[in-house]
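Following this note's numbering from start to finish, the sequence shown increments by one per residue and tops out at 502.
Any given hint could turn out to be false.
Pairwise CB distance ranges, derived in the manner of DEER restraints [stated by the list, open to error]:
id, residue 1, residue 2, range
1, Arg-330, Gly-473, 42 to 50 Å
2, Val-343, Lys-482, 28 to 36 Å
3, Asn-464, Arg-295, 16 to 24 Å
4, Lys-482, Arg-330, 34 to 42 Å
5, Arg-295, Ser-390, 32 to 40 Å
6, Asn-464, Asn-416, 21 to 29 Å
7, Val-393, Ala-490, 40 to 48 Å
8, Asn-416, Gln-329, 40 to 48 Å
Quick list of in silico lysine to any residue cross-link-like pairs, SDA-like style, CA-CA up to 20 Å [as the list claims (entries may be wrong)]:
id, residue 1, residue 2
9, Lys-495, Asp-395
10, Lys-495, Lys-336
11, Lys-471, Asp-395
12, Lys-336, Ser-382
FYI, nobody ran anything at the bench for these hints, they're computed from the structure.
Note that beta-carbon positions come from the ideal geometry of N, C-alpha and C, so glycine has one too.
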Amino acid sequence: MNYAIIAAGEGSRLVEEGVMEPKPLVRLNGIPLIDRLVAIFLKNGATSITIIVNEEMKSVQRHLSEWKLAVPLHVIVKSTLSSMHSFYEVSRFLNEGKFCFTTVDTIFREEEFSGFIRTFLSDSVYDGMMAVTDFIDDEKPLYVNVDNEMTITDFTDQPSVSTAHRYVSGGVYCLSSNALPVLAQCVENGISRMRNYQRELIKHGLKLKAYPFKKIVDVDHASDIKKAEFFLLS
């Protein structure tokens, strides 16, 4: 399966809080975020890996240029308007079959991710499978509403009072190539942000399933680094 990493954000909050490394090179327990993700992808059947970084991340570009992987590595250097636009840039390497992508600062346990990938690859009903969690630690979470079969019915900025489940998006996305025409239409129509793209998938009738993780955390602030390290070791 093809994998992709969106690492084109500026990480401005980390810089403001004294973290000098660009976000992809921030280390958790001695391992850069981007290295950790690639290692996990390789363990989970990667046939190619695509990474997008912004034009200012010279040290990240040098870091990636030193890699020699057992699968094709595509590196895109481009500053984009949003993570959805970054996804659009990498999508030309994901145009067949099923694929998985995530932002570089999404931290999850490897065993849960492996179960997620196995479930998605064995599924023949859904057009996509989204990682969700009921652990809410995001400043502006995207709430994911589901029915009793964990089929996603809506994405909302506020929690719904009409559902017994309260999940938020975990920032890990598995999709089939059926989702790419909707992405192209979003870019053409001036739609921005991943959450709006996900809403468009529902509007266009694609069937998405939520896959619950016990916990997913993001590294947005300097304090999140120790928090993420403890999470992975605990």
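(message) When the structure is checked against the list of hints, which entries are broken? Sort them ascending.
(response) Hints 3, 9, 10, 12 contradicted; others consistent.
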